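Trainee: Sequence:
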Amino acid sequence: MAGTAVSPLRSDPEALAQLARRRLDPLEKALPPGSAGLTAAEFLARRPRLSAFATPVLVLDASAIDANVARMAAWCAERGVGLAPHGKTTMAPALWERQLAAGAWGITLATPSQVRVALAFGLRRVQLANALVDPVGIAAVSRALDADPELQVLSWVDSVSSVAAMDAALGELHPARPLTVLVELGAPGGRTGARDLPAARAVAAAVAASPHLHLGGVAGYEGALAHDASPAGLDTVRHYLRDLAALHAGLAGTYEVDDAVVTAGGSAYFDDVADVLGPLAGPGTRVLLRSGAYVIHDDGFYRGISPLARHGDTPLTSAMHAWARVVSRPEPGLALLDAGKRDVPFDEGLPEPQLAADALGGPARPLAGEITAVNDQHAFLRLAPDTALDVGHVVRLGLSHPCTAFDKWREIPVVAGPGEPDPVVVDLVRTYF
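Just so you know, we're using our numbering here: the sequence shown kicks off at 1 and counts up by one.
It is possible that some hints are incorrect.
[Said to hold, decoys possible] Heads up, simulated SDA-like pairs for lysine to any residue below, C-alpha to C-alpha not over 20 Å straight-line: (1) Lys88 with Phe346; (2) Lys88 with Asp407; (3) Lys341 with Asn375; (4) Lys29 with Arg430; (5) Lys29 with Leu280; (6) Lys88 with Ser113; (7) Lys88 with Ala101; (8) Lys88 with Gln377.
Derived by calculation from the structure, the hints in this document are not laboratory data. Just so we're clear, the structure is a prediction, and the values are computed from it rather than from any experiment.
Just need the whole structure built from these sequences, with the hints factored in.
Mentor: So, in structure tokens, the structure goes:
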């Protein structure tokens, strides 16, 4: 909206308003035929019921989203750490706005194309938790920074080679503003990141020598080094975080920004990050967690490993479920559902059957069984031979890993009260994968 000031912590209100005005495409698998020709706002004004949708369908719970956002914001505030949640989990600007409204510093993304989405929606603080070495991406970020003196974009570097690649691209652009980068510390066997402290310090020296880059802090990802909460896994995480703190201490006095950033923290070990790195926060240093899965949470991997569950704290709640329909009962102990790899995540555990109903939106009852496999468009549900589940009935599935649930859907219905019979769909979340 021309002439409207935008808070540096919030999205552009006009860009968000355009989401409500978007024309719905009934060819999107989540949308019912009755959405044809309508804007999102017009469709929602008709108060559609869940029963209007076809299966399979991913459904979000508005109350769970609100509770999760508030819970994480309060947790961070209690510990004096900031939050730059990883937006690649949902790639949903409407959900990013809820996180920003709750006090998030900004949004983290994983690729230059994702950053482009954030900039299109007016975000003013963006962290690219990756190396920005693609020339097209460098040019886009550089031009955006030159056009908006209030815009902040942080990216990572983990080698002298990545510094040289950025320098080469920026040298051809002659930018007015330098790019602020964080030195990424990794570990042997991990993902990206300088493999030890001497290598990370050499990267920092290369950044300091660059005419186009500013050294803005240090970064890392502890989740690449462990995949459970065993004593050995937690020891590995904490050792790594202490190294990251040591790198920050060793670079004190060389930063080229007013507030250096120290950032780590996925959705599995953010308690350890707050314990080890939180004390660094203070004048001249901002500690940012990047937990992203918390806004949706799940009924699988994160349910088991989230610190809020492991420590007996008030847990997060899964805000997503899928409904699938029984399309075949070829054997007494087997039902085939119409949801498969194209519809539900399977990389961090298979879906779990939770409820059954005679029709979508109808009264639900508990369902015992196990999903043993998924094909492209089918799920194999094993259950007791005498289970009352017939062709045409529907099954609610608990899901594991929101990142690979959301990337399968472009429009996701949101209900206000999933426990109510045939709940009203109150929103449609648009994703940009």
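Trainee: If a hint holds in the structure, say so; if it does not, say that too.
Mentor: Results of checking the hints against the structure:
As the CA atoms of lysine 88 and phenylalanine 346 are separated by approximately 18 Å, the hinted pair is consistent with the 20 Å bound. Between lysine 88 and aspartate 407 the alpha-carbon distance is near 9 Å, which keeps this suggested pair within the 20 Å criterion. Simply put, lysine 341 and asparagine 375 have alpha-carbon atoms about 6 Å apart, close enough for the 20 Å limit, and the pair holds. This hinted pair checks out: lysine 29 and arginine 430 have alpha carbons roughly 13 Å apart, not beyond 20 Å.
At roughly 47 Å between alpha-carbon atoms, lysine 29 and leucine 280 are farther apart than 20 Å, so this suggested pair is violated. Annotation: proposed proximity of lysine 88 to serine 113 holds, straight-line Cα distance about 11 Å (limit 20 Å). Proposed proximity of lysine 88 and alanine 101 is supported: the alpha carbons are some 18 Å apart, at most 20 Å. For the suggested pair lysine 88 and glutamine 377, the alpha carbons sit about 25 Å apart, so the restraint of at most 20 Å is broken.
Of the numbered hints given earlier, the model fails hints 5 and 8; all others are met.
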